[in-house]
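J.: Both chains are sitting in their own frames, so use the hints and assemble them into the complex.
Protein sequence lines correspond, in order, to chains A and B. Going by the working numbering, the letters in the first sequence line up with residues 1 to 109, in that order. Going by the working numbering, the letters in the second sequence line up with residues 110 to 222, in that order.
Be aware that a few hints might be false.
[Stated by the list, open to error] Incomplete in silico selection of chain A near chain B, CB under 7 Å: (1) Ala-12; (2) Phe-33; (3) Ala-42; (4) Pro-43; (5) Phe-45; (6) Ala-101; (7) Gly-102.
Treat the hints as calculated values from the structure; they're not laboratory data. Virtual Cβ for every residue (Gly too), placed ideally from N, Cα, C.
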Amino acid sequence: GQNIDQPTEMTATEGAIVQINCTYQTSGFNGLFWYQQHAGEAPTFLSYNVLDGLEEKGRFSSFLSRSKGYSYLLLKELQMKDSASYLCAVRDRDYKLSFGAGTTVTVRA
Amino acid sequence: NAGVTQTPKFQVLKTGQSMTLQCAQDMNHEYMSWYRQDPGMGLRLIHYSVGAGITDQGEVPNGYNVSRSTTEDFPLRLLSAAPSQTSVYFCASSSGTEHQPQHFGDGTRLSIL
Numbered sequence: 001g002q003n004i005d006q007p008t009e010m011t012a013t014e015g016a017i018v019q020i021n022c023t024y025q026t027s028g029f030n031g032l033f034w035y036q037q038h039a040g041e042a043p044t045f046l047s048y049n050v051l052d053g054l055e056e057k058g059r060f061s062s063f064l065s066r067s068k069g070y071s072y073l074l075l076k077e078l079q080m081k082d083s084a085s086y087l088c089a090v091r092d093r094d095y096k097l098s099f100g101a102g103t104t105v106t107v108r109a
Numbered sequence: 110n111a112g113v114t115q116t117p118k119f120q121v122l123k124t125g126q127s128m129t130l131q132c133a134q135d136m137n138h139e140y141m142s143w144y145r146q147d148p149g150m151g152l153r154l155i156h157y158s159v160g161a162g163i164t165d166q167g168e169v170p171n172g173y174n175v176s177r178s179t180t181e182d183f184p185l186r187l188l189s190a191a192p193s194q195t196s197v198y199f200c201a202s203s204s205g206t207e208h209q210p211q212h213f214g215d216g217t218r219l220s221i222l
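Bound-form chain B, shown alone (with noise of 0.2 Å):
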């Protein structure tokens, strides 16, 4: 079972380049976001969407854009890349169906020099 994937695994970039993070699920979910992870502070949401054609903005937007063409996939972009990018980045996905959690990729560590 493939669940979500993320694409790349790991990925180096210096300030100023632009980057896609590819972020795909197969379990027909309706809903999927973007967390970014930093030491001591947690998962903080970056964008979410409800749907296809439907996103919107989380905790910490700035510098980062999605789309959601189609229901499976939900790519993050980062337009100029910073140093304060530099972080682990998690893709999530669920059904929307009130009890259901949450189902992660394995995550994209991203560098920016």
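Okay, chain A solo, but in the shape it has when bound (with noise of 0.2 Å):
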């Protein structure tokens, strides 16, 4: 099984930038995922980390370290549209994914 962690609020000023921070205990790693998810609204995909390291997708950027069992989302140039929730997803050697319980964040102008 897999033991995900992530904060539970964040809160950050439009314009800023905001790092989120996944830590997983994993049986067995097939990649790391981060979703989007407003209020009301299914999960949508934010980006993909199976390797060490950073990928980069114009405002939103992901890390991972299978060593130490960790990954963040970096959000910049925070928007109004980007309050939501945010969810880590370890996908396991079956294919499985297990979520954390997600990230609430509030951008404030």
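T.: Here it is in structure tokens:
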């Protein structure tokens, strides 16, 4: 199984940068995903890491360290529409996804 | 593009009633799964399927049945609804290719009275 931990809430100002950390313990690692979920909506895919290092996609970047069981999602140039829950998910060798409880990010003007 | 379609979007049941939550995808994805989402607990895997005719249990399978007779459809059955099954249910699918993410349906909001 997987134990996945991420902070419950974060608040930041419009235009700022926020980093959401995720730590995990896994019996078999086969990739880490970050999803965004707005209130009342379905999760949508943001990023994927399977090798160590940084993956950049526009204003969003994700980092992985497999040896430390650690990932972070970096949101740059925050916009009001980035207010949402961000879910860290770890996939095991059977392609099953286990999710963290999610981090609610509130962007203030 | 339809993607993953879930029906119904909302449902209220009485304790002991049965019902089926429908999930269909039109992307020819092999891998499908059902999750429930409860406040403060994140998404938990109920059942999953790696292809037609193959299903397996996830983290919280009790009280739920699934079948996968076709690649497109993956219904979730509640045989005797209980208040503890009040939740938001999401169906997801993926191709199974390593870097491909799961695509989620819009969810079914289920209340058991």
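J.: Determine for every hint whether it applies to the structure shown.
T.: Hint check:
Restraint check, Ala-12/A versus chain B: the minimum CB separation of about 22 Å is more than 7 Å; hint violated. The criterion of a C-beta within 7 Å of any C-beta in chain B is met by Phe-33/A, whose closest approach is roughly 6 Å, and the hint holds. Hint status for Ala-42/A: holds, given a least beta-carbon distance of 4 Å to chain B, under 7 Å. The interface hint given for Pro-43/A is met, as the beta carbon of that residue sits about 5 Å from the closest beta carbon of chain B, less than 7 Å.
Here the hint on Phe-45/A is kept, as its CB sits about 4 Å from the closest CB of chain B, short of 7 Å. The criterion of a C-beta within 7 Å of any C-beta in chain B is met by Ala-101/A, whose closest approach is roughly 4 Å, and the hint holds. Given the 7 Å rule on beta carbons, the hint for Gly-102/A holds: about 6 Å separates it from the nearest Cβ of chain B.
Consistency note: the structure conflicts with earlier hint 1 alone.
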